[in-house]
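All chains, full assembly: derive it from the sequences and hints.
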Amino acid sequence: MMESGVPPCAACGDDAHAACRACSYALCKACLDEDAAEGRTTCARCGGEYGAPDPAHGQGAVVEEEVEESHEPVASGVRERVTMASQLSDHQDEGVHARTMSTHARTISSVSGVGSELNDESGKPIWKNRVESWKEKKKEKKASAKKAAAKAQAPPVEEQIMDEKDLTDAYEPLSRIIPISKNKLTPYRAVIIMRLVVLGLFFHYRITNPVYSAFGLWMTSVICEIWFGFSWILDQFPKWCPINRETYVDRLIARYGDGEDSGLAPVDFFVSTVDPLKEPPLITANTVLSILAVDYPVEKISCYVSDDGSAMLTFESLAETAEFARRWVPFCKKYSIEPRAPEFYFSQKIDYLKDKIHPSFVKERRAMKRDYEEYKVRINALVAKAQKTPEEGWIMQDGTPWPGNNPRDHPGMIQVFLGETGARDFDGNELPRLVYVSREKRPGYQHHKKAGAMNALVRVSAVLTNAPYILNLDCDHYVNNSKAVREAMCFMMDPSVGRDVCYVQFPQRFDGIDRSDRYANRNVVFFDVNMKGLDGLQGPVYVGTGCCFYRQALYGYGPPSLPALPKSSVCSWCCCCCPKKKAEKSEKEMHRDSRREDLESAIFNLREIDNYDEYERSMLISQMSFEKSFGLSSVFIESTLMENGGVPESANPSTLIKEAIHVISCGYEEKTEWGKEIGWIYGSVTEDILTGFKMHCRGWRSIYCMPIRPAFKGSAPINLSDRLHQVLRWALGSVEIFLSRHCPLWYGYGGGRLKWLQRLSYINTIVYPFTSLPLIAYCCLPAICLLTGKFIIPTLSNAATIWFLGLFISIIVTSVLELRWSGIGIEDWWRNEQFWVIGGVSAHLFAVFQGILKMIAGLDTNFTVTAKATDDTEFGELYVFKWTTVLIPPTSILVLNLVGVVAGFSDALNSGYESWGPLFGKVFFAMWVIMHLYPFLKGLMGRQNRTPTIVVLWSVLLASVFSLLWVKIDPFIGSSETTTTNSCANFDC
Numbered sequence: 001m002m003e004s005g006v007p008p009c010a011a012c013g014d015d016a017h018a019a020c021r022a023c024s025y026a027l028c029k030a031c032l033d034e035d036a037a038e039g040r041t042t043c044a045r046c047g048g049e050y051g052a053p054d055p056a057h058g059q060g061a062v063v064e065e066e067v068e069e070s071h072e073p074v075a076s077g078v079r080e081r082v083t084m085a086s087q088l089s090d091h092q093d094e095g096v097h098a099r100t101m102s103t104h105a106r107t108i109s110s111v112s113g114v115g116s117e118l119n120d121e122s123g124k125p126i127w128k129n130r131v132e133s134w135k136e137k138k139k140e141k142k143a144s145a146k147k148a149a150a151k152a153q154a155p156p157v158e159e160q161i162m163d164e165k166d167l168t169d170a171y172e173p174l175s176r177i178i179p180i181s182k183n184k185l186t187p188y189r190a191v192i193i194m195r196l197v198v199l200g201l202f203f204h205y206r207i208t209n210p211v212y213s214a215f216g217l218w219m220t221s222v223i224c225e226i227w228f229g230f231s232w233i234l235d236q237f238p239k240w241c242p243i244n245r246e247t248y249v250d251r252l253i254a255r256y257g258d259g260e261d262s263g264l265a266p267v268d269f270f271v272s273t274v275d276p277l278k279e280p281p282l283i284t285a286n287t288v289l290s291i292l293a294v295d296y297p298v299e300k301i302s303c304y305v306s307d308d309g310s311a312m313l314t315f316e317s318l319a320e321t322a323e324f325a326r327r328w329v330p331f332c333k334k335y336s337i338e339p340r341a342p343e344f345y346f347s348q349k350i351d352y353l354k355d356k357i358h359p360s361f362v363k364e365r366r367a368m369k370r371d372y373e374e375y376k377v378r379i380n381a382l383v384a385k386a387q388k389t390p391e392e393g394w395i396m397q398d399g400t401p402w403p404g405n406n407p408r409d410h411p412g413m414i415q416v417f418l419g420e421t422g423a424r425d426f427d428g429n430e431l432p433r434l435v436y437v438s439r440e441k442r443p444g445y446q447h448h449k450k451a452g453a454m455n456a457l458v459r460v461s462a463v464l465t466n467a468p469y470i471l472n473l474d475c476d477h478y479v480n481n482s483k484a485v486r487e488a489m490c491f492m493m494d495p496s497v498g499r500d501v502c503y504v505q506f507p508q509r510f511d512g513i514d515r516s517d518r519y520a521n522r523n524v525v526f527f528d529v530n531m532k533g534l535d536g537l538q539g540p541v542y543v544g545t546g547c548c549f550y551r552q553a554l555y556g557y558g559p560p561s562l563p564a565l566p567k568s569s570v571c572s573w574c575c576c577c578c579p580k581k582k583a584e585k586s587e588k589e590m591h592r593d594s595r596r597e598d599l600e601s602a603i604f605n606l607r608e609i610d611n612y613d614e615y616e617r618s619m620l621i622s623q624m625s626f627e628k629s630f631g632l633s634s635v636f637i638e639s640t641l642m643e644n645g646g647v648p649e650s651a652n653p654s655t656l657i658k659e660a661i662h663v664i665s666c667g668y669e670e671k672t673e674w675g676k677e678i679g680w681i682y683g684s685v686t687e688d689i690l691t692g693f694k695m696h697c698r699g700w701r702s703i704y705c706m707p708i709r710p711a712f713k714g715s716a717p718i719n720l721s722d723r724l725h726q727v728l729r730w731a732l733g734s735v736e737i738f739l740s741r742h743c744p745l746w747y748g749y750g751g752g753r754l755k756w757l758q759r760l761s762y763i764n765t766i767v768y769p770f771t772s773l774p775l776i777a778y779c780c781l782p783a784i785c786l787l788t789g790k791f792i793i794p795t796l797s798n799a800a801t802i803w804f805l806g807l808f809i810s811i812i813v814t815s816v817l818e819l820r821w822s823g824i825g826i827e828d829w830w831r832n833e834q835f836w837v838i839g840g841v842s843a844h845l846f847a848v849f850q851g852i853l854k855m856i857a858g859l860d861t862n863f864t865v866t867a868k869a870t871d872d873t874e875f876g877e878l879y880v881f882k883w884t885t886v887l888i889p890p891t892s893i894l895v896l897n898l899v900g901v902v903a904g905f906s907d908a909l910n911s912g913y914e915s916w917g918p919l920f921g922k923v924f925f926a927m928w929v930i931m932h933l934y935p936f937l938k939g940l941m942g943r944q945n946r947t948p949t950i951v952v953l954w955s956v957l958l959a960s961v962f963s964l965l966w967v968k969i970d971p972f973i974g975s976s977e978t979t980t981t982n983s984c985a986n987f988d989c
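Reminder that position 419 of the sequence shown reads as 419 in full-length UniProt numbering, one-by-one numbering, no gaps.
What the hints contain is simulated information worked out from the structure, not anything from laboratory work.
If you're wondering where the values come from, they're calculated on a predicted model, not measured in any experiment.
Hints may contain errors.
[Unchecked claim] In silico lysine-lysine, DSS-like type, Cα no more than 27 Å apart, as pairs:
#1 Lys-334 - Lys-369
#2 Lys-671 - Lys-658
#3 Lys-755 - Lys-184
#4 Lys-854 - Lys-450
#5 Lys-671 - Lys-450
#6 Lys-449 - Lys-658
#7 Lys-363 - Lys-334
#8 Lys-388 - Lys-376
What follows is the structure, given as structure tokens:
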């Protein structure tokens, strides 16, 4: 067109037929006719009149230059938006994600060369609307022409039906919310309100009717009851709007495809381990194997294993695992094996031939089982060898010392076992990437335990693969459902759902727990009741494992729905360059802005970047902004700007490993926002709760995904001592958050993005350990009442009886209706109630005191990793008894109440029939405590066919106490006989 001198049509690119006399806006004849048919005869850009173009005077060339100039800012803006240094990597398709580059509101406004544009009601130039409509009509014409040409070669009817079905599935939602039936939810809410009213009337009666004969006991009981009522409100109201969800994996495949050309998003798996002697390498290896064999395109899966103990045993076991994966992964995919962790697959007591039709399956399964047993022998040999460390340290096969011989002082180590540069499977197919990572550790640096290890994996994975999604698992949680990643993508990649989703949390399910679940290891009430309730609010809390994150949310950015801040509030450092007169703010506004800045210290980077010119953008990426937040790594900083993931084109593959080593150095996080606003948050041993809380404060929401087949399964400590120490660790983390600046009671109000019921749930999460103090006092009250003959409740009137009965009935009905809509069993509910008391009078109490000591005196508590291995016998670990100080309070309460019951009955027998009425109330109170502590008593007894020493000791103690009480009370001698005996003693009979 430049050679002919005729300008192109600004709408479709054909030769122009007419051009605007004022702005030279050119249109072809077809576009001009369509414009005239719709009643528009003037220029769409400036409103001027059209005229024929004049090639002789070079007008066509002028028009083309103006068109190009008017679009130049748009093109440069788009280039700036994709990445600040380069475009996305080649292997990322344009349709990889439902999240587009506008996810963080990085929309570049077009700049027109004409100052007088006609705008529509929304402020958008009318000529742009017309151009878009013209292009759409052109596309429709081309599409209709293609359809007409395809009619001559129409496929069979069956294929047409299948194609139409796939096309329909591709445009349907990938998930849906299934609300709880109103028939179940309405009565449940009504009973909650009724219980709240009855509770208020009950407290009114208790406060206005003191027991002066036992005023101290009465006051203690009232304070405890008020706290229990407050705790119930915190726990109950976040369950006001429970929901269920359903996913459609087939629609996900129809929309994004499957296989090598799939548009599914890449995912980086994180697996963390510390001590291979307490977390057996075979369990970690099964987790890794289940990840490598997931039902997902192999080029989009990467598995990063963090070895925070720098153990050569972990490294060598991963090398063996990578070799065994070459056989295991194709076997799983060929026969659709579930689960894809070999240890748990081969130990299943089911008909493994069910639904298997391939004739070679039995033969290959036997061969695979033999290979796995040989693999286990090799791993066990490595474990046996590692039991005793050589004096000179471990030596690698090439004769050089193992760099991690000192776990507290060693360099960073990275090894890629599988993937693009690694071996293929035995069928010649590519395997997912498997990377070993051990971050650098040096004396004098804070390493922040698991949270620091996870942040190191975030940076390493960003440099090497940079998948937009991260799924983290504990080393003992294997993939039980090979389609778990697709389940998560049904939420993350759905444009109608995933825009503001920071993570998808899966429930925890466990293997190897005794049938009665004596110590409530399954946490059924929490995962099937509380988490469903939170899903109806702003989303479930993060529980540390089985969670799929959106990487950008971990970087501290806010969701796209977050309103952009004014330029001045974001770029305050520019004031030195271009000072402006600031409007005076009131004290209230300044306080509000300071609270918002506290929430958004790292959020500004992406969302407001489009408000600046080229110079300001370069300054924003300079050391004054990104490097202060993310650290001194240009490769990593560039990866944070790529929302669709992928390694930047500007990155040199030969230097990526060196850059990955740099970002896991022990000093990398110094003077940055890591652990404060970015990544896993430091400051608590339960970093999971704190990390999820920060994301919800920024306005993100999370989603709870409960597939029919559990996505992940793990192991849990099933003996009493280990279980209480696990609960102690969780409770201590909650106390640390309560005593920190991130306490939900006062943090996160500035932005107004955390919903109130969601805040209540977080407050309950960090307040519940303090319930141990009133709970211990309340559990001791019945024994004290039985021993002293006093009671905390006065003689009941008819009205008081109604309030007591109403309270008990409302508690029972609330529980029944909760079981009804949640679908859990009454045994699970009762086990949860029992362990609430057991944990409350033991682990929670110690957590409160340890947390306070840590804050006041700086005494840190080192927790031992819970052992993941179990006894060879079925549930053998259940009966292992380990005496610890945590067992002292519940044991004392149990013995005290048993003694109180015996003393109460003895006193009633001695006092006559009038004392039996008050006795039943006291004994019922004491039996309530004993029934809740019954699993603890069974734990003390150990195995049924043995009597441990501790039981013998307590039996002797109790027998001694009862004997003394028997002699003191002497219930078989009446008062008259006692008087006669005493009087006879004064005479010489």
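So, going through the hints one by one against the coordinates:
For the hint pairing Lys-334 with Lys-369, the CA-to-CA distance comes to about 15 Å; that is within 27 Å, so the pair holds. For the proposed pair Lys-671 and Lys-658, the alpha carbon gap of about 22 Å is at most 27 Å, so the pair holds. Distance restraint check for Lys-755 and Lys-184: the Cα-Cα separation of roughly 25 Å lies within the 27 Å cut-off, and the hinted pair is therefore satisfied. With a CA separation close to 19 Å, the supplied pair Lys-854 and Lys-450 stays within the 27 Å bound.
Simply put, Lys-671 and Lys-450 have alpha-carbon atoms about 20 Å apart, close enough for the 27 Å limit, and the pair holds. A distance of roughly 24 Å separates the Cα atoms of Lys-449 and Lys-658; the hinted pair therefore holds under the 27 Å criterion. About 14 Å separates the Cα atoms of Lys-363 and Lys-334, which keeps this hinted pair within 27 Å; it holds. At roughly 20 Å between alpha-carbon atoms, Lys-388 and Lys-376 fall within 27 Å of each other, so this suggested pair holds.
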